[in-house]
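This note's numbering numbers the first residue of the sequence shown as 1194 and each following residue consecutively.
Note that these hints are calculated values from the structure, not bench results. None of the values given here were measured: they were computed from a predicted structure. Watch out, some of these pointers could steer you wrong.
[To be verified] Keeping only pairs whose Cα atoms sit at most 27 Å apart, straight-line, the calculated BS3-like set for lysine-lysine is:
#1 1308 with 1588
#2 1588 with 1332
#3 1383 with 1436
#4 1308 with 1332
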Amino acid sequence: MPDPAATPSPPCFVLVAGEASGDQLGAGLIEALRARFPQARFAGIGGQRMIAAGLVSWHPMQALSVMGLVEVLRHLPRLLAIRRDVVQRATALAPDVFIGIDAPDFNLGVERRLKQRGIRTVHYVSPSVWAWREQRAAKIGRSADRVLCLFPMEPAIYARHGVDARFVGHPMADEMIMQPDRAVARATLKLPADARLLAMLPGSRLGEIARLAPDFLEAARLLAARIPDLRVITPMANTACRKLFEQRLHEAHEADGGHGQLPPIDIVNGLAREAMIAADAVLLASGTATLEALLAKRPMVVAYRIAPLTHWIVKRLGLLKVNRYALPNVLAGRDLVPELMQHDCTPQALAQALLPLLQDDVAKCALHSDFERIHLQLRRDASNAAADAIAQLVKLA
1194 MPDPAATPSP PCFVLVAGEA SGDQLGAGLI EALRARFPQA RFAGIGGQRM
1244 IAAGLVSWHP MQALSVMGLV EVLRHLPRLL AIRRDVVQRA TALAPDVFIG
1294 IDAPDFNLGV ERRLKQRGIR TVHYVSPSVW AWREQRAAKI GRSADRVLCL
1344 FPMEPAIYAR HGVDARFVGH PMADEMIMQP DRAVARATLK LPADARLLAM
1394 LPGSRLGEIA RLAPDFLEAA RLLAARIPDL RVITPMANTA CRKLFEQRLH
1444 EAHEADGGHG QLPPIDIVNG LAREAMIAAD AVLLASGTAT LEALLAKRPM
1494 VVAYRIAPLT HWIVKRLGLL KVNRYALPNV LAGRDLVPEL MQHDCTPQAL
1544 AQALLPLLQD DVAKCALHSD FERIHLQLRR DASNAAADAI AQLVKLA
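Modelling step: build the complete structure from the supplied sequences, incorporating the hints.
What follows is the structure, given as structure tokens:
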């Protein structure tokens, strides 16, 4: 008879996610790991999707979802207590692998402590080392045995610092179909099939909306003077964002005298992807939404403005290391879509950049093949690729 002591125990994984996007990544990863290790155990911190996939969550995920310096400082004692608890529980559990999913401010500290105690660690979703302070890659390597990257240009940066990093692809590219259906999206949103439609996304944070919405709305007014049937759809991430945008819209209407009329603007809760697919062109804040617009195969103009003092500090200290900010341009390695940042972000410049995208179908077709190529490059079955990279560490243990 086989010796029971020689039978390997099922692997154990501790995963920690701090927000909704991480919860989605974590759920896909748990399912992919379970396909490889049917008896595996999963614990840590996650949301409803990870819990439904089989995670035993030690704390509510929302406890980690704190943004902004003031908010973080206010919740710092609680966050530090949760981190201590996670380190203690993980040390006692001695998992085969600890997986920190994004949330670098929380997870990298946990990973560093566990790595020092001999537990293998993975960081899933690289921070933007291609844009901000590349030397962070070496610091991340001191925390993580392996970094799983969503973008193809990232592993080479880690390699320069001796860090094991793997490109696993982007789950959004797996999820979105190659040829999204505009007619279906418009029907879902109850929008006219033949209108010229601009999707306007001034950000998902209040500060972004406060800085960008007035210029976005003024650009829409300028465009309406040239495109009489123009309509605008604006998806809002939450109630607070919608309330602030509606306030800015009211102010724009109040200032209407002598400047021409704003086009009809439909504000919807959520449904950002549907709004982008439905649109002829997209005006949006720089960030992950630009990747979603690319995967929707929609031409776009990308804008951003940060607080003047923050901009001065970033420029003065040389913290930003790139000349391109929008993900489509970074991934292409060239300027595919217009970027209007800081002082260049004016209503006139925004309208001028958007006008050909709303009027010229040839300009849109030229972008489509580039967007399709990038989509295929990112479509790598991310959850399974990530599970393979983690399974290698289990076998090495």
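Broken hints, by number: none
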